[in-house]
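Please model the entire structure based on the sequences and the hints provided.
Chains as they are written, first to last, in the working numbering: chain A, 1 to 111; chain B, 112 to 225.
Mixed in with the good hints, there may be bad ones.
[Said to hold, decoys possible] Derived DSSO-like pairs: lysine-lysine, alpha-carbon spacing no greater than 30 Å straight-line: (1) K103/A - K59/A; (2) K168/B - K70/A; (3) K168/B - K103/A; (4) K103/A - K120/B; (5) K70/A - K57/A; (6) K103/A - K70/A; (7) K120/B - K168/B.
Source of the hints: derived by calculation from the structure; they are not laboratory data. Being a predicted model, the structure only gives us computed values, none of them experimental.
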Amino acid sequence: TQLLEQSPQFLSIQEGENLTVYCNSSSVFSSLQWYRQEPGEGPVLLVTVVTGGEVKKLKRLTFQFGDARKDSSLHITAAQPGDTGLYLCAGVGNSGYALNFGKGTSLLVTP
Amino acid sequence: DSGVTQTPKHLITATGQRVTLRCSPRSGDLSVYWYQQSLDQGLQFLIQYYNGEERAKGNILERFSAQQFPDLHSELNLSSLELGDSALYFCASSRSSGRINEQFFGPGTRLTVL
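What follows is the structure in C-alpha cells.
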C-alpha cells in the first residue's frame, strides 16, 4: 500500500485567512486527487493533478503536484466558513485501480 | 449530487448478524468501488468491480463479500458482524480504471453494530 500523510491533521482559522495543507508520500503516484467531505456525506472530487509540477486553480483554491509526483499541496486564499470540511488527498498507484487515501485535514473556518 | 446512490442510509444491527448494502453507480460507469471509513483508519479501499468482474481487492475481511450485477449495481455483504465493523461504508464509481481514475462517491451507509 502506498501511504499518504496529510498535515496538519486539524486546522482552525478565521474567515479571511490563508492556509496550506500538505499531502506527502515516499511513493510515486500516477495522479493525485483532492476531495472535500462534509460530515455524514461522501467525498466530493475537487481536482485531479497528473503531471509533475502541475498547478491547478479552482476559484480560491490552488492545487500543486510535486515535481516527482510524490506530494501535493492545497492552498486556500481568503478562507470562508463554507470551506469548512475534511480535505482528503488520494493517489492512484501503478495498478491504476483503487485510490490510496490520506487520513485528511479537518478544516474549520469561523466567521 | 454525484449520481451514485446507496441504500440504506442508516443500518443498526446486532453482533453476529448479516447485512447487505446496495449501490447504484452513475449512468455509464462500469467500475464500482467499496470503501470503509472509520474515525481511526480513515477511508480504506475494500474491493473493486469492473463490468461484473472483480478487479482489485484491498483490506477486505473474509467475512465480507461483494458482487456486481449485469445492470451494474453492486452489493456489499457483511456477515458475522462485530462491534468493530461499525463504520461508514461508501460506494464510488468511475468510467474506467487507469492513470486518472476519477471516482464519484455515494452518500454512504452508516452501519452501527450493537
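Hints versus structure:
no.: 1; hint: K103/A - K59/A; verdict: holds (25 Å)
no.: 2; hint: K168/B - K70/A; verdict: holds (23 Å)
no.: 3; hint: K168/B - K103/A; verdict: holds (20 Å)
no.: 4; hint: K103/A - K120/B; verdict: holds (23 Å)
no.: 5; hint: K70/A - K57/A; verdict: holds (19 Å)
no.: 6; hint: K103/A - K70/A; verdict: holds (16 Å)
no.: 7; hint: K120/B - K168/B; verdict: holds (24 Å)
In summary, this structure violates none of the numbered hints.
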